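Q: The primary structure of each chain is shown beneath.
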Amino acid sequence: MISITDLTISFGSIRPIDELTLSIDSPTHGIIGPNGAGKTTLLNALSGFVTPDGGSIFAFGDDLGSLTPRHRARWGLRRTFQTEQLAEDLTAYDNVAIALDHCGGDESRSVAEACSIVGLNQPDRFVGELTTIDRRLTEIARAVVGAPRLILMDEPAAGVSGAERSRLVELLTDLPDHSGAWLIVIDHDVELISSVCETTTALDFGTLVANGPTSATLADPRVAETYLGTSA
Amino acid sequence: MTSESVSTDPVSAESVEATRTSRASVIGRGRHVFLLGTVITLLAWWVPNYFGARWLSTWTSTLVFAMAAAGIGLLYSRLGLASLTQVALIGVGGWVALRLEFAFHLPFPIVVLASGTITALIGLAISLPTLRLSGLYLALVTLMMAAGFHEIFIAAGFPNGGSGFLGYQSSGDLERMSRPSIATTDPAYFRLVLIVAVACFLLVWLHDSTKPGRAWRLIAQSEGAAHATGINVTFYKTWAFTLAAFLAGIGGAMFAGQLGQLGPSSFQTIDSLLLFGLVLVGGAYHWSGWIIGVIIFKAFPALLDDLGLNGNIATMIAGLALILNLIAAPRGIVGEVGRLIAANRKSSESDQ
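For the record, the sequence lines run as chains A and B.
Under the working numbering, the first residue of the first sequence carries the number 13, and numbering increases by one thereafter.
Under the working numbering, the first residue of the second sequence carries the number -5, and numbering increases by one thereafter.
The set of hints was computed from the structure by calculation and includes no laboratory data.
Quantities reported herein were computed from a predicted structural model and do not represent experimental measurements.
Be aware that one or more of the hints could be misleading.
To give a feel for the contact side, a few chain A residues facing chain B, derived at Cβ under 7 angstroms [said to hold, decoys possible]: (1) Ser59; (2) Val62; (3) Gly66; (4) Asn133.
C-beta atoms are modelled at their ideal positions from N, C-alpha and C, and glycine is treated no differently.
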């Protein structure tokens, strides 16, 4: 279980996250909200990229908030980025290996196993030569290798469509079963969230609008109002 | 949820490993090693036999500076860091080697390794505060350091058998650094420097193709992503800088052995800047580009000298080459050649 208590983050006079209290109880959790709702800031706070003004973050009983980004990674926190952050002049295999180099334990999943889980079938190609979907899969394999406990994904399906998108949806839905890690997904794409995530949080202006089973959150009249600007 | 549902074309972990081993075949790698070994052996035999004393000396110092150039190329291509202090660090390595030699008369290999190590420690001390900077600021600070070292060399002089910590004397019996007994002659010393330079490049390759090389590349892409992947960013950046200083230090000791005595004029600030620029011209992203850069740096002025032209023209031409490089060929000469070969291969494939 992941619990966020009274989390506040401010940049100058702006408060992207305002005394947010939230608990995540399912292995596939979505975070939705309009632009500026604080989704990416929340993800960055979980990764340790921004230092909160106050509040705490606990994951499976461990005080994640007290760790540096690097130590969070070693604890088992992984993430993917809105635009893939991969070393272009390395092969996909070597990119995945980086996580194992620094976060590997005794009972780690190997690079080959990680590539197999995500369905990356050309691991020896250089990342610079890969298609968008394969780059995305490489980043996901990097999150899955070793012994991850919590994987954060920032818009994993952006720029992917058609058959590739459904392949990605299937992969993400099954990811907790195959990787043993919990998954938190941020996306504008409500359809993706509702196919992948058991529970979902809706944010607006850094505060909680709704939290619970995905269908309940999406049916919440305040969520519809936030998204569509109409009162239901 | 079964594993079959993961993707439309499931791949097993075994098949992933199988594609890897077949691509990076042992035979392919063996052929490269054989080819490289042959070229190095031919150079070791041919250069001392073909060239006269003056050119042999030029080629020997080319190899010395190649060790430092490897550090420049490594920092720039893997981490995007511009270090403009490598030639000054050759001076530091040379100073330490002379000092150790005259104080303790240690065996040559120990002097070389100790010079490399002490220069690496100095590099480490420099890197801890400076690597917080990046881009232009890092370049400026390292250039100032090169200038600082040059001033120190002028003020302190290079050890030549004098007394005290500095070991410098302006008159009297000037001592010279002795060469190892197996390489007292110039041709033999050239061969020794060639072996040491190859070892330095292998050391870089060893780093580059394993854990540090992978970490460096991700740091260059995004420090945030590197942190999030568990990489100790400060440690790996410092390691690269320290390794570069080690290589320059080894080069400095070999330089001291080549010339016997050293002077501040060999390590001018402009040389650090020029060597950096020429590594970019040669091609910072491949080791062969580092060698081309250093050949332009050392051998080109000597060639102009032979033709009766002023060696300073080399600096002007190098400046022009750098401008051309920045505009038209950011990956340098080697990068352009590689692009042409790739384009050629593609067109011949499409012809078939």
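Q: All hints, please: hold or fail.
A: Verification of the hints:
| no. | hint | in the structure |
| --- | --- | --- |
| 1 | Ser59 | 6 angstroms, holds |
| 2 | Val62 | 11 angstroms, violated |
| 3 | Gly66 | 23 angstroms, violated |
| 4 | Asn133 | 4 angstroms, holds |
Consistency note: the structure conflicts with the earlier hints numbered 2 and 3.
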